[in-house]
Each structure stands twice: as C-alpha cells, then as structure tokens.
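Trainee: Sequence:
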Amino acid sequence: MNQTISTPQQQLQPKKHQSTSQLERLLCLAEVEFQTGFKTSFLYQLMKEGKFPKPVKIGTASRWREFEVQQWIHDQINTASSKHPKA
493 MNQTISTPQQ QLQPKKHQST SQLERLLCLA EVEFQTGFKT SFLYQLMKEG KFPKPVKIGT
553 ASRWREFEVQ QWIHDQINTA SSKHPKA
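What the sequence shown shows, in the working numbering, is residues 493 to 579, in sequence order.
Check the hints yourself; a few may be wrong.
[Stated by the list, open to error] Distance condition first, Cα-Cα at most 20 Å in a straight line; then the derived EDC-like pairs of lysine to aspartate or glutamate: (1) LYS546 with GLU516; (2) LYS575 with GLU523; (3) LYS531 with GLU558; (4) LYS543 with GLU523.
Hints listed in this document are in silico derivations from the structure and should not be mistaken for laboratory results.
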C-alpha cells in the first residue's frame, strides 16, 4: 500500500502548474499602512466611503489583497497626474 504523507510545509508550496504570479499575496494592516503612507483611521475612513479596497476576513484577521492595494495606489497616481499635467 503506497501512501503519500504531506507535511504542512509541502501543502504551502505552489502546485507545479501554478506560477507564483497566480498566487495572491495578502497584506496585514501594517503593510498596507507602509505601502500607502496612511494611518489606520484614514484607511478605514476611505473604506467606509468606498474609496479604498475592503479587507478579506480570515477568522478574526483582516487582510488586503496586495494586487488591489497596488492598483489603488496606481489609480491615485494616475488621477493626480491627470489633474496636474506637466507644463
């Protein structure tokens, strides 16, 4: 009888057919604050107004999809650039 035993570390490894770019990275609040330069209270205010990505709840933890945060930052830069074109 051939049985394969997988360790927790093996389970965390991406499947051979998955590329690393297909895996979503989740950010904790401290990482979101660092990437945006904003503090918690302002981020939650933006979320309440529908102007910032809402977190994914995992148990009691809140995590943000890195792609969504990066896209939001990119959108803010584009909006600022279009309002203030270079002379």
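Trainee: Decide, hint by hint, whether the structure agrees.
Mentor: Checked hints:
1. About 15 Å separates the Cα atoms of LYS546 and GLU516, which keeps this hinted pair within 20 Å; it holds.
2. With a C-alpha separation of about 28 Å, the suggested pairing of LYS575 with GLU523 is violated against the 20 Å cut-off.
3. Between LYS531 and GLU558 the CA atoms are separated by roughly 17 Å; this keeps the pair inside 20 Å, and the hint holds.
4. For the hint pairing LYS543 with GLU523, the CA-to-CA distance comes to about 18 Å; that is within 20 Å, so the pair holds.
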